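**Student:** Each of the two chains sits in its own frame; use the hints to bring them together as a complex.
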Amino acid sequence: MFTRAKSRLMMFLATLALVIPLILSACTAEPETTTVTATTTATTTVKQLAGTVTTSGSTTVQPVSERLAEAFMAIYPKVNVVVQGGGSSVGIKAATDGTVDIGASSRELKTAEKPGLVETVIAWDGIAIIAHPSQSIGNLTKQQIIDIFSGKITNWKEVGGADKKITVVSREEGSGTRGAFEELVLTSANKMVATAILQSSNGAIKTTVAGDPAAIAYLSCGYIDATVKVVNVDGVAGTVANVKNGTYKIIRPLLYVTKGEPAGLGKEFIDFCLSDAGQQIVAEDYITIK
Amino acid sequence: MLACAASSVVVLAAIAFFIFIQGLPTFQQVGIFDFLFGTEWRPTQGSFGILAMIFGSTVVTFGALLLAIPLGIACAILLAEVAPPRVRLFLRPAVELLVGIPSVVYGLVGMVLIVPAVRQIGGSGFSIIAACLVLMAMVLPTIISISDDSIRAVPRAYKEGALALGCTRWQTISRVLLPSARSGIIASIVLGMGRAVGETMAMIMVIGNSIAFPKSPLDPARTLTGNIAVEINYASGTHASALFATGIVLLVFIIILNTITTVTLRRGIHKYAEHLT
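If you read the sequences in order, they're chains A and B. Counting in our numbering, the first sequence runs from 1 upward without gaps. Counting in our numbering, the second sequence runs from 1001 upward without gaps.
No lab work stands behind these hints, which were simulated from the structure alone. Source: prediction; values computed, not measured. No residue lacks a Cβ here, since even glycine has one placed at the ideal position from N, Cα and C. There may be inaccurate statements among the hints.
[What the hints assert, rightly or not] Computed cross-link-like contacts, BS3-like style, restricted to lysine-lysine with a CA-CA straight-line distance of at most 30 Å: (1) Lys152(A) - Lys1215(B); (2) Lys165(A) - Lys1159(B); (3) Lys164(A) - Lys1159(B).
[Said to hold, decoys possible] A few chain A residues that don't get close to chain B, going by computed Cβ distances all over 10 Å: (4) Gln48; (5) Thr54; (6) Thr111; (7) Thr167; (8) Ala241; (9) Lys249; (10) Ile251; (11) Ala277; (12) Ile289.
Excised from the complex, chain B in its bound form (with noise of 0.2 Å):
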């Protein structure tokens, strides 16, 4: 057991020290400063500049989970508290289903429907929005799955309770299990931003994967995945170091971003629950 706990982290420094020697040539060549807030991407002609890309994954990622933790948080009340036996017996195995679709027909589904209907709007539909839209419906199993779970893990004391007390249903619900499911649904919001962060194949598809940096909604840009993935085929050189350097980026990234959501969520609920005290 300790050396299979060993051998993952292991794993992860070395995967760490791997980037880190691929792409500190492009800190050292083009500084970090200018790699990190430098708007113009265009590797074989010598700029570097990933701002464009750092916006991209942070706006598409939070958008999918202003999108997705509503509507998850809700579907679990109603699996958990409010739908009868059957339904949740057939809701749950589907929501279960929808986590184990390979990214790759998520994005083919949105190419095809998704893409077309936003061009409607307007634009040329491969978008933020079309991103967003698709990254919710890959984040939402995972948010409704682990919610659910948590919820249902409360004591049914605390609910009895509550009722005995002479509470509603819904107060029942938002003033008692959901604070006491509280760190299950935080866990499943970050696990769900995990997931929006990393996902490339479906993003690739479906955001335009443009180097521009976007105006509005309807616009294409491209994610710090999207960057390594759809470049790394043909790069060489300070091209690939630099496509590198871009995952040392998303690295970093991800360890603020899950930080920050985490101690922000928590402290959250905390005074929410000192409030209701």
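The shape of chain A in the complex, shown without the other chains (with noise of 0.2 Å):
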């Protein structure tokens, strides 16, 4: 009577370790903290994780993220992580609304969107200034970065260049690259020039720069290669090495935005993420957060 009664309590156990993070990671917007705790413990113990969890945000946080979310379901086969994209402003706001559990920003947020959201920083990245190969020019300072992009400098030749009408290239308001440059860089009191040329994604921007030699943009520092040249900041080239040793400084956070603390599965793989495992991954493309 008592084995049998001992190895029903046991069962009972097992399936309540087992059911308890399930349940769990099904409420992760709640932001109890008791849960919390009983999730940490529960995990810890059985060291097995079931359930989905759904992100979705910024596209340049996209690709980390998928390759976070791999790695961690490789760790945990019961768990799916769902990575969307949608920009950042989308990021937030589906965070806000509880429809995903963890939202990517790559700017930091505004004061309105800030009620109830909790960020973490997974990563930084730096904002590079980019031109065509061929410029000649190799170096700008800050408020002639400020000038072109705000339109008081219209030709190459006002910087020490060719006599070159500049083709200002940008991207389109509300991306979290552009938010974040604007804010860095030109700061509220200038507007980005209105003839800028304007294109929606990274990618893009890093084609036209390539194709047109009078071309200026910026860039996240994860998708420069040889087919744009760096334009030094005040001396300092926005690479991932300047970033790192802190001597280049228009970065901004990667953020993951929770409703409340992260909690359940959505804590577990932010801390993953955290963790030196997925610092790792991070560090192909950005700059880890030590």
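**Tutor:** In structure tokens:
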């Protein structure tokens, strides 16, 4: 009798241990601290997670999110991490509405967006200034960059280059990269010049600049390759190395935002992103948080 | 059959209703006048003026049609009347194939060939001219194939009668065949225009999508469709609503444009026909 009761109890506990994370993952949106501790104890003892984590948002964060998700799912085969794009604003809105567990943003949250959301920085990204490979100008001051992107300087000869009209290439309004660039470089005192050519993805920006000898644009460090030339800002090139050693200043955080403190599976995933294994994946394209 | 027809009307009504609901807040907040005639579009900073895009769409559409109509009709005449059957056998499928090429491919070719070519003239190459050229290539096959069909549909007796009365070949074509085929030719132009106004992807790729009011054909511009497609991915709140409002404007814009073209073209050709008699 005793042994049977004991085995029943064991069965019950085992089922409980399996079921609890499932239930909790289903209600990740609830910011209750008690549930958070419950999950962690449950998972550390069983080391078995199951369920679905959904994320959407910034297309800059998306590639790294996908790789992180892959690695996470390799460790926990019963977990399904769904990564979607849509853009920073979409990700933030989805997290606020609770339609996804984690929203991804490549810009700081606006004051209006902040209430109820908790931000976790998972990586840093530099925004480099790029030009056509044939461009003779290798360095611009921050003020010159402001003047070029706000339309006060319109010809390369004004900054010491050839007599050629500058083609300003920019992302469209609402883009996280543009938002970060406007905030970090242009500041609210300057508006992006209206005649700028607008392209709606990082790839299109690169292609446009690679094809136009008079072009200038800003681009996430992760996208830079030999088809474009990185122009130094105040003598420092926007490369991953320079962001890491702190000399390059135009940097922005890549954020995961959650409604309330991260909980359940969402927390597990974010914790994984912040762990050494996760940051190693981040380091392939962006700059780790440490 | 009736159910099918009814369902298409229902779908149209549903689309119109949906974008009106989504876009209406913008009209209320910004005001119809400021929205339509404002030249400043900075939706995240509170400026919602789409005049530059209305202008962009109009100029690009008419520019493309101006290039495509003479070329298209000339090509249709060639196919229907002048070309020997063997040439026709080869040309007609080629033209039909052009209709089926996805617009993104036209855009790609435009980006790689036309934009750098226009850059040689001046500016960045992403321009109204480049957009007109790409759009012309996209509209041409529609105009050619429908015009060709309608010219060939003119009863044989008309042509034979004209020739028998001593008309030259050119007189027969310009005075008899073309006026007789006018309704088909008008249809081809209206359809071509529909494709031109609605074209999005190829335009985004070659026009530069700049929000500034274009001052010369070499300047970049933005179309109404492009405005929606470029920004909807990242838009939220009032910005998204303003894009739906752009959709409303686009819908009305197309209805007006279609009506005007159909009416003026009909009238013009009627006058031409009266002039002949």
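**Student:** Look at each hint and say if it fits the structure.
**Tutor:** Quick rundown of the hints versus the structure:
Between the alpha carbons of lysine 152(A) and lysine 1215(B) the distance comes to roughly 18 Å, so the proposed pair stays at or under 30 Å and holds. For the hint linking lysine 165(A) to lysine 1159(B), the alpha-carbon distance of about 57 Å lies beyond 30 Å, and the restraint is violated. Among the hinted pairs, lysine 164(A) with lysine 1159(B) is inconsistent with the structure: their alpha-carbon atoms are about 58 Å apart, more than 30 Å. Listed as a non-interface residue, glutamine 48(A) keeps its Cβ farther than 10 Å from every Cβ of chain B; the least gap is roughly 37 Å.
Even its closest Cβ contact with chain B, about 18 Å, leaves threonine 54(A) beyond 10 Å, as expected for a residue assigned away from the interface. Interface exclusion of threonine 111(A) from chain B stands, the closest Cβ pair being 14 Å apart, more than 10 Å. Not every CB of chain B is more than 10 Å from the CB of threonine 167(A) (nearest about 4 Å), against its label as outside the interface. The non-interface label for alanine 241(A) is consistent with chain B: the shortest C-beta to C-beta separation is roughly 30 Å, beyond 10 Å.
No Cβ of chain B approaches the Cβ of lysine 249(A) within 10 Å, the least distance being about 24 Å, so the stated non-interface status holds. Every Cβ of chain B is farther than 10 Å from the Cβ of isoleucine 251(A); the closest lies at roughly 21 Å, confirming the non-interface assignment. No Cβ of chain B approaches the Cβ of alanine 277(A) within 10 Å, the least distance being about 31 Å, so the stated non-interface status holds. Annotated as non-interface, isoleucine 289(A) keeps its C-beta farther than 10 Å from every C-beta of chain B; the closest such distance is 25 Å.
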